[in-house]
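Enquirer: Protein chains in written order, with this note's numbering: chain P, 1 to 237; chain Z, 1 to 237; chain W, 1 to 1041.
Be aware that one or more of the hints could be misleading.
Straight-line alpha carbon distances no greater than 27 Å define the calculated DSSO-like cross-link-like pairs of lysine-lysine that follow [to be verified]:
(1) W/K815 / W/K321
(2) W/K815 / W/K746
(3) W/K940 / P/K81
(4) W/K940 / P/K140
Keep in mind that the hints were calculated from the coordinates and are not lab data. Since we're looking at a predicted model, the values are computed, not measured.
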Amino acid sequence: MSAGITLRLETLHKEFRVSGTPVHAVDGIDLEIAAGSSVAIVGPSGCGKSTLLGLLGGLELPTQGQVWLGEIELSALREAKRAALRRGSIGFVFQSYDLLPFLTASENIDFQLALAGQANGDGRSRELIERLGLTEHAQKLPDQLSGGQRQRVGIARALVHQPALILGDEPTGELDSESSAAAMDLLLEAQSAIGATLVVVTHDLDIATRLERIVSLRDGRVVGDRSGELAGSRVGA
Amino acid sequence: MAVEERSSPAVPVAEPLARLQDVFKIYREGSIETVALRGASLELPRGMLTSMVGPSGSGKSTLLLIMAGLALPSAGQVILDGQDLSRLDEAARARIRGERIAVIFQSGNLIPFLSALENVQLAQTLSGKLRRNQKLARDLLVEVGLGKRLHHRPPQLSGGEVQRVAVAVALASEPDLLLADELTGELDSATADMVMGVLSEVWQQRHLTILLVTHNVELAARADHQLRLIDGLVQRA
Amino acid sequence: MTGEWSETAAENSPGAVSVLSYALRDLVRNPRRTLASLTGVALAVALFSSITFFVDSSAARMTERAIAPVAIDMQAGLTAPLASPLGLTERLDGGASLATGQTTTVTLTAVNGSTRPMTGVVFRDEVPQHLTYVPGSATVDGRPIPDVGGESPLTTGLRVADLGAGGKVSIAYQARAVQPVASTQALGLHGTVASNEEPAPAAANSPQPLSLGQLGNLVARVPGVTTADQLGSLDLPAGSLRSGPATVAQSLRVFAFDPAYLQHYPMVRLTSGDYGAGTVLISPEAARALGAGPGSSIALTVPGRAQSLSFKVGGTADFSKADPLFASRSADNQGEFVQVPNVLVVPMAVLNNEILPALRVDAASTSPLLKAPPALELDLHIDRVRLATDPSVAAINTQGLKRSIERLAPGRVSVIDNLSDALNAAKGDTILAKILFLFLGLPGVLLAAYLSRYSGGLLAQAQRREQATLRARGAQPSHLLRGLAYTTASVAILGSALGLGLGLVTVEVVLGRSALATASTQSLTLSVGLSLLAGLVTTALALYLPGRRALSSETGEERRELSISSPPAWLRLRLDLIFLAAAAVVWIITQVSGGFKPTPAEGQSVSLSFYTLLSPLLGWIGATLLAVRLMLLAGARLGRRRRGTFGGLTVGTLGRSMQRRAPALASGVIAVSLAVAFGSSVALFVATYNTEKQADARYATGSDLRVTPSALTPQTPAFGAQLRVAGVSGTTPVALTANALVGTDKRAMVAIDATTFPQVASLPNSFFPNLGSAAAMAALQKDPAAVLLSTEMARTFNVQPGDQVKIQLTDASGKQVPVTFHAAGLFQNFPGFPQGIDLVSNLAYYQTATGIPQVSLFFVRATDPSSAGVARVADLMKAGPGRATPILVETTATAINRDSSTLAALNLRGLGGLESVYTVLMSAAGIAIFVFGLLLQRRKEYVTMRALGIRMGQLRSLVFGEAAVVAVLSLIVGAMVGTAMAVMFVQILAPLFTIQPASLTVPVGQLAVLATLVLGGMGLSVLVAARNLRQLNPVELLREE
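Isolated chain P (complex conformation):
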């Protein structure tokens, strides 16, 4: 799949119970994200953005409401189906990259390919490694890589199977300012190359403004929705 996918959230609620008191992490969100667009979700800590990302990726089910990926109602699927979607159509970039510690950089990337059942994606794997400047680190294990290198591997892993949706959870959270900028460059470049839909959760406004659209959350609700720097630069958005 090389085209992005439309996301639609309809009256989405996610509630937890902590010692009897309900916590409304996501408290009624309606949102539509165009295919192939890039969206930043910002807000202070505890505003529910990470929870939202989890719902978008099918890692959790909402208490109320629906999540649509294109024509598929993600929130109505059972775990096995959601897992299938995750491995084939979604690419995750986690905050701490969570590479499998016993696989080399290139194997971590290949792992995603194997998960997605794309055995002949080898070419893509090598290509990504080259483009991300990881060629001489490809055979190293994660604990031999610097934070920045690991971040790049994480990004490559999220892209190699050409997902329709890329979800990033504070992808630059642990990086210094220079690396953060570089990471975003890569993500955006790769995203436009594949044409996937990109949703990035961050609390760093510097990062957020680089995307097309910025959605602000507070206490589980959308309180702002404006354009970023990239707005208008997409053809047919």
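Since the structure of chain P is already known, use the hints to place chains Z and W on it.
Expert: Frame of chain P, contents of chains Z and W only:
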């Protein structure tokens, strides 16, 4: 976004309670070296609330650990009231910690199998401060508004309640210096406000010196004395 | 210090949380964590305690077996058997010294200590030196008596009235000192008294006589003595016994006992007639020599008595199995038996009334005929119930009993304590058994401790966060150490309590309900104490030491986890090679210093050098580690092959995970391999032991059964046909003689039928060093005059195969006939004669040469060699041919029981059962810890995989794959190491076997069950883990902070 330092002009320049002088901290992991702090220096004026912002990975937590004497710097000095903590052995540091310093970590760091009351009592025991006319643990918890939650254990408490218990625990040792790391990190805005309110009250009543580390810029702006930590270096302004 | 003061105040004030209460709350409120750390300790203590309890329970049975062959428990012998029952005391009254002219009264008192009246009682006395008789002063019981010839009537002999049994009479007279007497005590007193019944004059002031009857009365009051039978024993010279013209031309043994003795001591067997009132018994040999039988009259000549005693024979008694009666009672040659074939048994009354008085006369004469005094003793049975306990406790009991009996009449009774001797041997054996069991069980205990450490280490990680919090609150290192100490102590106590409970339960289940009922409280208490100690040590190693090390690292540092493939310490330190080297050293030293059959030490029936058991122990660890090292090397080599493609998801991931994280696998394999090796080594050893015990029993018996016809009704080889009852597959006749004279040496010879013998008896090739059994038997068959010699005899006489050997055999009439044999071969051991024989010849040749058609015994082989099958055949024999012809049937079962070494008859099967249970438990625990360790350590990556969308089935396969590899590799390594260990055990414990085992017996069924249970344990762990995996929530990755 620039942040300026603001301090009350009328306060006489007294010896700061605590000071870091050119502190370096380097972690070694296999063949990779990570430099968390590179020559950080700061002063904590007595009786004032100092805030420090910085993105994740900037070394905030490390700095806090060193300030509290829980970790030793690779180089540099950690001075509390004229005494260099980095020269002392663990037992001596532990004693000073118990008597004068209180640390609140990001997730409260309570002992999960002890009730709120027991956590406070434990702190009193360990700090060696149990005196006959000392405030009872119960009273401390009432002060932070948890009089009805004395016997609940952390898993049964909400995020805000956990943080408030952490404050009570911190106060139990009657410290001079209070170090707080992301006190309101995971909380929603309302709860965050409440917790900060408790902290302010407590600070004013007891004339504590407080260092509040956060990545919440708005929160940081409320402090008398503001610092920034970027890439292992402390900056004002 | 403020800290300390406040600490105490804190602990005393209400509502405070002290370090101790924190530690306790930690344990109580985290039940799963606590349980996991308890498991290892509990298992170690359970195994340890079950072994010690097992030994304690065995102790009582060892006692039982030790004292079972003791025929006469205790023999209380009179030190002065010939003391006259007529006792005489002589006293001077008045002061210690006498001045000239002073008088003193001399009093003589006689007591009739016998049970019959004394007639013709005569007193004699000389007036003591320096004194002179005061005329007219003599009195009898106070009545004056006239002087005789102006002198004391005692000079010539004063006759008094008859004395009834127990009667007393006093004679007194006055004497005046003619010189000063410095000390009256020093004066020699020469009074004597004699009677018709006791003609030998009894001297004054001789030791107080004690009769057997009196002793019997005293002994009856000693608790623990169930029966006391009087026994007299003396040897009379040749020719003492006659019947008409016939005489017994050899020395005669005379026993005196009453009919009850036969019931209490069945070793004496009445073969004809009965022991009625007024009759005597004679041995079959004496009967033959005299031509006498029940009803005949015989006469006995007794020294000191002119007229011989006449008796009527009531019956014949066989003493061939009554060796203890012929035991030497003197300290010099105690333990020697000198069987005398001609025996006469008379009633006690005859001994007391007729024989002993005559012997006293003989003893008092100038040249006594009798060289050795008779032995008079009480043969005692001790209540066995009080001895149903540990041998050392039982020995204390018996020794106390012996002292009590000797104290009844100090100096006049000497007790031979046969029980204590047997118990002392068993005592040594019990200690050996305990050590042996502990060594056999020690690997298991060490393993449980290792498991404990393994699980403790994993859980320490979980506690790190809390420790960081404590440090942040101001906890000092001393606080944390104290907390660790409290936790360790609590886990030790709890774990040990659990372990003790589990140990008790396993012992009861495996060995039966009342297994511990017979154990002594003392030994049980010691066992409990040792088990608790073991628990404490285990916990200290598992929790305290690693905990201490963890505390010393900094808070910040802890966040960095160890890189995934750091080589484990043992690999770097080459512990595997060191252990193997140490094992080899111990082994070589043992070989060099004499091998594995050291001589038994004093007080032990079998000796084992225990430090040699260190060798398999060290080898167990070393070999397992070496196997794992080789595994890791192989894995590394495979891994170096460049992998082109990733491969399938599961295979590619699993392969790389195992290769690159081999140390984690290695730990799992080590733990489970050690358990499997331990279990299989014990199973193999026990199976081999049991097989060899059977072989040993068959060796001792000759075959499955051994039939000995009565000496009175000897049988010819034809009798063998009668013995073929249902269940018998073959019989063979054997003639045995102990009187084969080679030169001047008397040797034991056995004559067999070389055709049937090898079909019935087991003849391993090891018995015939150069020939092999088939060739030896063939040699006998080929040459009728062939003879096989024992290796010892061949050496002594310097005989080579092919030489002629001239042997003098006793023929049917008792004459010696020279027979020429041809030496055909040598043998080391010969079945049926464990005590050792020297010569094996052909039965036909032997019978022709000696003219004796009868044989001594038959070996019988049963189709079903189990103890049940053999018992059935024995019963059929006793009911069938045994009815008409008296026969003694012995089976392999009775041989095992008669085995003199209590150590050699240990219930190793029970021990094996116990250890199998724990092997399975520990293998299961090892795999479970590995699997849950995986989950704990790899949680993050499993969560990541789930977030990335892995199928649950694939995730399960990853866990299952590694667990399965661990299980299978462990079974392989464990089986190999276990076999090697078993071989070593068999070698080291060789002294337990009479016949050396040629090969290991492999209990295939048991091992298969073990393997299945190990795999099952793995399956179960993975199933539970799968449930855990399902609960992993990938959302965790998002809420990082």
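Enquirer: Which numbered hints turn out to be false for this structure?
Expert: none
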